[in-house]
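Peer 1: Given next are the chains, with one letter for each unit.
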Amino acid sequence: MRLFKKTTIDFLVKRRFWYLVSSAMMAVGVVSLFTKGISLGIDFRGGTELVVAFSDRVEVRDVRIALDKIGLGRSEIKSYGSDRNILIRSTEQAEGTTIGDRIKDALQKQFPDKKFDVLKEDKIGPKIGKELRRDALYAIIWSMLAIMGYIAIRFKFTYGLGAVIAIVHDVFTTFGFLSILNGVIPGLNLDITQEVIAAFLTLIGVSVNDTVVIFDRIRENEKIYRSMPLDKVMNKSLNDTLSRTIITSGTIFLVLVILLLFGGEVNRGFAFTLGFGIVTGTYSSIYVASAFVADWNLLRKKKS
Amino acid sequence: MRNQLPRIILIIAAVALSIVFLWPTYQDYNYRRQLNARHGQDSVAYLEQHQDDILNAKLKRIKLGLDLQGGMRVVLEVDLLQFLDDLAKNKDDNFLAIVRDVRNEAATSEVTVLPLFIRKFQERGIRLSRYFGSIRDDDAKITAMLQDESEKAVDRAIEIVRNRVDQYRVSEPNIQKQGGRRIIVELPGVKDENEVRQLLQGTAKLEFRLLKDPQISYRVMETIDKYLTGKLEGDSTAAASATAEKKPEAQKQRDALSELTGGTAPAAADTTTEARFLREHPFFSYVHPDQRGSGEGYVDAKDKDRVVRLLERPEVQRLLPPDFQFVWSAKSQQFADGVKRFMLFAVRQTAELTGGVVVDARASVDPEDNRPIVNMEMNSEGSRDWARITGANINKRIAIILDNAVYSAPVVQTKITGGRSRITGMETPNEARLLEIVLKAGALPAPVAIIEQRSVGPSLGEDSIRSGLSSTLLALVMTVLFMVLYYHSGGAVADFALLFNILFIMGVMAGFQATLTLPGIAGIVLTIGMAVDANVLVNERIREEMEGGKTLRAAIDAGYSKAFAAIFDSNITTFLTGIVLYQFGTGPVQGFALTLMIGIAASMFSAIIITHVVFNIMTDKGVIPNFG
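Residue numbers (the working numbering), protein chains in the order written: chain W, 4 to 307; chain G, 376 to 1003.
For reference, chain W alone in the conformation it holds in the complex:
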């Protein structure tokens, strides 16, 4: 079976247009980040988070009334997976697990005839929250540096720079996407948790994966077609690898859809983030990383 015959698409000719599209997407994302913001899980904010499974359906409204009575009415309350499970998140800090206990008591008083099971209870002190935020930031920065370094060594420095710009583009757009879609799809929890940060780091890895395969082909073709101008070599390489790119991104995407639907609530945020990341990753390998290298080269040629 063959999905792609020998293609000869000129990708790079329309790159100016796609630069605009990329910038627009990033701008929209950044605006959303600054206005709507993102929802931080308690990993990063500190506080108490409970997931409670009731014996039958419970209204978020009623849970809020119960929590209001103990002064925790401003906690975040939403359903978790099914309409019987409720997630309660409060950023209040208190000694030990008093907040968790108070919430459980309040729930018992409000719903005396419904039994509930505590599926999950997390309490994060303020210091830990700060540390995890710092660690997450370092992790993203370090991986970018490591990758840039490796690519700069294996290819040329320009390529390393191009790869990093593509990564930055992917990270911002995905963050923006999470911000925009937060709370929009019912039943989909898009809080930023450790798993979501893991998704970001993986997305950096996979996006670079893609970019490297293309760069590798460019390197090979440069040696074969020495007299061809760079952007033509790049176009050829992009076409050569197109079928592989689509198939690989497609299989990973398919696998992530499976994870999203069947992988359990915990993996949902991860699967969603990474899924979107794969799409931007594939796009950025062509229209950010490669395009950047092509234009940088042209600029250098003009100067000399």
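There may be inaccurate statements among the hints.
[Said to hold, decoys possible] Capping the alpha-carbon separation at 27 angstroms, the derived lysine-lysine pairs in DSS-like fashion look like this:
| # | chain 1 | residue 1 | chain 2 | residue 2 |
| --- | --- | --- | --- | --- |
| 1 | W | 9 | G | 925 |
| 2 | W | 305 | W | 235 |
| 3 | G | 566 | W | 112 |
| 4 | W | 235 | G | 937 |
| 5 | G | 580 | G | 464 |
I should point out that these hints are in silico values taken from the structure, not numbers from a laboratory. Owing to the predicted nature of the structure, the values given are computational and were not obtained by experimental measurement.
Model the placement of chain G on the given structure of chain W, informed by the hints.
Peer 2: Same frame as chain W, now just chain G:
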């Protein structure tokens, strides 16, 4: 024909190793099934027969993370500041001020306690030898000593926590030191959070202290009472001689009063007996002295917090005589009128004996009233001291204080020479058992605070396992189908390699005794998708070479060698992010990083070596692989 033998041997070796590593997991699964199938006597017999093997299998199997098993994860932080406080002598106001400063700063920022502590002293130009070590020691020497003591304290705390957890009988607990003063405790399968918290946090500071004479106790209470009504004798003279300070003092007294009454002081016009009593004897309205003259005070449970805060105020503390301390009872008691009340005891500040002398503790039941008790035995030095103390204080009361709460205050009947004692006053046998564990393991050198706690219920754990397995299976099936459809027999070979891939991942994890978490399973699912990539790179290349005119064999070889660089580079970069993720993440996320890295390595191995060998064998035997 190229010699495939070395590669084949390598593959077989890898497979064999994986199976060897995975065998205990299979065994463990098997044993559990056998045990479940048997009942009662049969299962006990089976257990004894295969005891060693079962234990061995349990040790070497793949561990399930807390998110798959259910259980608790707690991060404790040793309060080194309190430890330093306890170590110091000759503590004066300067010292207390420094301790307060450091505590405030350390609560909000991520600073290490000891350097900050030392810096505060240096800023004020105070030598450390004023409070630590001997006069002749210079700052550097004392700093080194404090550093050493702090590290030893944390290590001791870890040992004690480990000891307690061992006695509590959790299967496969995991206790680790993190950083300078943190302890990570993972307890799979634990259900009662409150018990665990008590187990881990109780400092288990045991003290035996003599009660103060009832008269002294009452007199102090009266003094506090008078202070609150502003009628303290000598108050007027003191105030007159320091008019500048009079106003703030009076204000403080009024603050203390309103703290106690909660601002609901009765109106002056209110002339009911209660109101009058409240105005004239505010302290006694809340703290009722024991009518039998024991010197204790009774406080309604609902008022306890207020009285606690009142007694903590420095103005009230100053009213207490030397060697005097108020200590609360550990539990409240229900009285005949249905009200729950706590007892307030007046005890000596210095302890006659501390828990260090206790060598054994046993939870038991009092034969006389069937209530839970803990019997304790002391070492020889402790027994001697105990005999002396009890002998000198017959008919007086000694309070048994645990973690600054009085469990009981029995009257000394006779001199006790056997070094035995008992703690009463617990409500449930479980409490007695916890106390036994905590006393046996020893007192923590410093208090520990729980800064992070995560618990997963077992039902969520089971759900997670189910989701994990079903998504993995589904991903596998879809990928296999796709590869066969798109690349025909070339794809089938890739699928064959994929199965090896998964075997290798599980084998390596078993070999490293790694822990499988739900994100870890996600990592395996992701690896299935990404493993395909290497195969796609090779197969696409082979197709290209064939279209370019090469023979099948030549195309295969060219495909592999040309694709190698791309496979290597792209996988290394993802591997790098895996490393970063492993460093940054905790628990479940680390599990993901681990499976990702192992998966990448395994998929490179199976894609590059296994499939190549298979293709070569196929072509040698004349079977033509089809690449679609």
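Peer 1: Work down the list of hints and note, for each, if the structure agrees.
Peer 2: Tested hints:
Distance restraint check for residue 9 of chain W and residue 925 of chain G: the Cα-Cα separation of roughly 18 angstroms lies within the 27 angstroms cut-off, and the hinted pair is therefore satisfied. Proximity of residue 305 of chain W to residue 235 of chain W is assessed by CA-CA distance (about 17 angstroms); at most 27 angstroms being required, the pair is judged to hold. About 22 angstroms separates the Cα atoms of residue 566 of chain G and residue 112 of chain W, which keeps this hinted pair within 27 angstroms; it holds. For the given pair, residue 235 of chain W sits about 21 angstroms from residue 937 of chain G by alpha-carbon distance, which is consistent with the 27 angstroms threshold.
For the proposed pair residue 580 of chain G and residue 464 of chain G, the alpha carbon gap of about 19 angstroms is at most 27 angstroms, so the pair holds.
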